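Novice: Each chain, written out:
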Amino acid sequence: MSRLLEGFVEAFQLIIALDPALLQIVFLSLRVSILAIIISTLLGVPLGTLLGLKPERKTRFVNKIIFTFMGMPPVVAGLVIYLFLSRQGPLGVLGLLYTPTAMIIAQVFLSFPIVTGLTMVGIRAKGSEVEEIARSLGAGSALAAWTVVRELRIAILGAIITGFSRVVAEVGAVMIVGGNIAGHTRVMTTAIVLETRRGNFELAIGLGIVLLMLSFIVNSVLYNIQRGGE
Amino acid sequence: MLVELTDIRKKYDKEVLKVDKLLFQKGLIYGIIGPSGAGKSTLLRIINLLTPFNSGTYQFMGRPLPSNGQERLKLQRKMALVFQKTLLFKDSVWNNVAYGLKARGFSRSEITQRVGELLEQVGLQELAFRRADTLSGGEAQRIAIARAVAFEPHLLLLDEPTANLDPGNIELIEKMIRQLNRTKSITVVMVTHNVFQAHRIAQEVIFIHEGRIVESGPTEQIFEEPLDPRTKAFVEGRMIY
Numbered sequence: 001m002s003r004l005l006e007g008f009v010e011a012f013q014l015i016i017a018l019d020p021a022l023l024q025i026v027f028l029s030l031r032v033s034i035l036a037i038i039i040s041t042l043l044g045v046p047l048g049t050l051l052g053l054k055p056e057r058k059t060r061f062v063n064k065i066i067f068t069f070m071g072m073p074p075v076v077a078g079l080v081i082y083l084f085l086s087r088q089g090p091l092g093v094l095g096l097l098y099t100p101t102a103m104i105i106a107q108v109f110l111s112f113p114i115v116t117g118l119t120m121v122g123i124r125a126k127g128s129e130v131e132e133i134a135r136s137l138g139a140g141s142a143l144a145a146w147t148v149v150r151e152l153r154i155a156i157l158g159a160i161i162t163g164f165s166r167v168v169a170e171v172g173a174v175m176i177v178g179g180n181i182a183g184h185t186r187v188m189t190t191a192i193v194l195e196t197r198r199g200n201f202e203l204a205i206g207l208g209i210v211l212l213m214l215s216f217i218v219n220s221v222l223y224n225i226q227r228g229g230e
Numbered sequence: 231m232l233v234e235l236t237d238i239r240k241k242y243d244k245e246v247l248k249v250d251k252l253l254f255q256k257g258l259i260y261g262i263i264g265p266s267g268a269g270k271s272t273l274l275r276i277i278n279l280l281t282p283f284n285s286g287t288y289q290f291m292g293r294p295l296p297s298n299g300q301e302r303l304k305l306q307r308k309m310a311l312v313f314q315k316t317l318l319f320k321d322s323v324w325n326n327v328a329y330g331l332k333a334r335g336f337s338r339s340e341i342t343q344r345v346g347e348l349l350e351q352v353g354l355q356e357l358a359f360r361r362a363d364t365l366s367g368g369e370a371q372r373i374a375i376a377r378a379v380a381f382e383p384h385l386l387l388l389d390e391p392t393a394n395l396d397p398g399n400i401e402l403i404e405k406m407i408r409q410l411n412r413t414k415s416i417t418v419v420m421v422t423h424n425v426f427q428a429h430r431i432a433q434e435v436i437f438i439h440e441g442r443i444v445e446s447g448p449t450e451q452i453f454e455e456p457l458d459p460r461t462k463a464f465v466e467g468r469m470i471y
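Each protein sequence line maps, in turn, to chains G and X.
Per the numbering used here, the very first residue in the first sequence carries number 1; after that it's consecutive.
Per the numbering used here, the very first residue in the second sequence carries number 231; after that it's consecutive.
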């Protein structure tokens, strides 16, 4: 219990001190996770909308694949990306392993199925009805799809929030493809693992609290956008 | 002739609609009546090109159905369908009514003028900037009809437009339909399970039973001297379904 309390004190001190090393870790964490979720949103929302508007019987196999990938263990995702990006891998020439880009790729791999799958489920509930109304009022395919996304934005933002929560807390994949290199690929979660291994529990808990606070701020922003859509 | 359907067939697992010949003349109000599951809504959706049919010929203003998607959209834009279940977009009343106008690329000034006029006509101008999902059932249905006629379609298709409304709102909507037909010459095809409503506002009535058109003709004829015993049973309220 005292360690938890010390962790709170440590978190408070870390924030007050504005330690440059900590700030670098925080900004990298945010950069990686926010870019990953933006890419997943750009890819997953249109795909989820498309699938959600199709009759369920036509997308059954794809549904199963997406739902399976939604539960993909992060270490497995990290391992797959590692094998692709390693020197002997098919994308080895790009030299991306142990870079923030590799971490973003791994996080997209994890969040894209979540954003796609949850968007698809949300759209399926009411999307066809909205699409038909839009079409009956003279909307072309693009406008009808956009109307569906606008109308069901609460469900879609829910999918994005879930995807973000998954990647911001993720450690296995970024550890494998990022390598936890200080000043280069160290993010909040990998730093927490490192400090725990070193026995610096107070610092690890402090970092954990800072991570939770950051997640709270980002989710609050998304939640407020979602509430605005009600 | 505004719409001409010939030998139209629609099958899902089994055949749900078989229309040998059906004509809709410009400027009239048509009432499609029949028991639940008779194929009334399917017919309306086929006319609006929302549901494809398996075989047959569809002509709109003497022209066959275009195969090109863009041309089909142009044709679809000549009509509007108001669904039985009112669904207004989660936006202001104003933006709901303006939707079809924006989709057709009307200018901002024209949109302002038309939406303003329509809201006045339906008596809801004071609700223009209210969120549409906060309206009552009757108000929402009046806005749904205003949204459908804002771009002055040639053909207005209504699927049970007064289902679940109170008598006051039913009267308001029926008045609105008559007024739109009279002042803007919009042809109206209205599906209703309520034979009294069809009697009140339709000039022509079509009776559908088990996916087939049993009888069609002027309202008085269908109600006073029906040729088919099934029509007679239905309009007299003796058909159990």
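FYI, nobody ran anything at the bench for these hints, they're computed from the structure.
Watch out, some of these pointers could steer you wrong.
Okay, derived cross-link-like pairs now, PhoX-like style, lysine-lysine, Cα gap no bigger than 20 Å in a straight line [stated by the list, open to error]:
id, chain 1, residue 1, chain 2, residue 2
1, G, K126, X, K241
2, X, K320, X, K304
3, X, K308, X, K414
4, X, K332, G, K58
Here are a few chain X residues that face chain G, going by a calculated C-beta distance under 8 Å [unchecked claim]:
id, residue
5, I276
6, L305
7, Q306
Listing some non-contacts, in silico: residues in chain X with all C-beta distances to chain G over 12 Å [said to hold, decoys possible]:
id, residue
8, K320
9, D321
10, N326
11, G330
12, A333
13, R360
14, A378
15, L395
16, R408
17, E434
18, E440
19, S446
Given the structure is predicted, the values throughout are model-derived calculations rather than measurements.
Idealized CB from N, CA, C, for every residue including glycine.
Novice: Does the no-contact call for X:R408 survive, Cβ to all of chain G over 12 Å?
Specialist: The assertion about X:R408 holds, with a minimum of 22 Å to chain G.
Novice: Please verify that the nearest CB of chain G lies beyond 12 Å from X:S446's CB.
Specialist: holds, 24 Å
Novice: Under the criterion that the straight-line Cα-Cα distance not exceed 20 Å, is the pair X:K332, G:K58 satisfied?
Specialist: violated, 33 Å
Novice: Does the structure keep G:K126 and X:K241 at a Cα separation of 20 Å or less?
Specialist: violated, 24 Å
Novice: Once the closest CB in chain G is found, is it more than 12 Å from X:A378?
Specialist: Nearest chain G Cβ is 7 Å from X:A378, so the label is violated.
Novice: Would the least Cβ to Cβ distance between X:D321 and chain G come out above 12 Å?
Specialist: violated, 8 Å
Novice: Per the stated criterion, does the least C-beta distance between X:E434 and chain G lie above 12 Å, as a non-interface residue requires?
Specialist: holds, 23 Å
Novice: Decide if the proposed pair is consistent with the structure: X:K308 and X:K414, CA atoms, cutoff 20 Å inclusive.
Specialist: With Cα atoms ~14 Å apart, X:K308 and X:K414 stay inside 20 Å; holds.
Novice: Is the claim that X:A333 lies outside the interface with chain G correct, judged by CB distances over 12 Å?
Specialist: violated, 5 Å
Novice: Please check whether the beta-carbon of X:N326 is more than 12 Å away from every beta-carbon in chain G.
Specialist: At about 10 Å from chain G, X:N326 fails to clear the 12 Å cut-off, so the statement is violated.
Novice: Hey, is X:R360 genuinely clear of chain G, shortest beta carbon separation above 12 Å?
Specialist: Nearest chain G Cβ is 15 Å from X:R360, so the label holds.
Novice: Are all C-beta atoms of chain G more than 12 Å from that of X:L395?
Specialist: Given a closest Cβ separation of 19 Å, the condition holds.
Comparing the model with each earlier hint shows violations of hints 1, 2, 4, 5, 6, 8, 9, 10, 11, 12 and 14; every other hint is respected.
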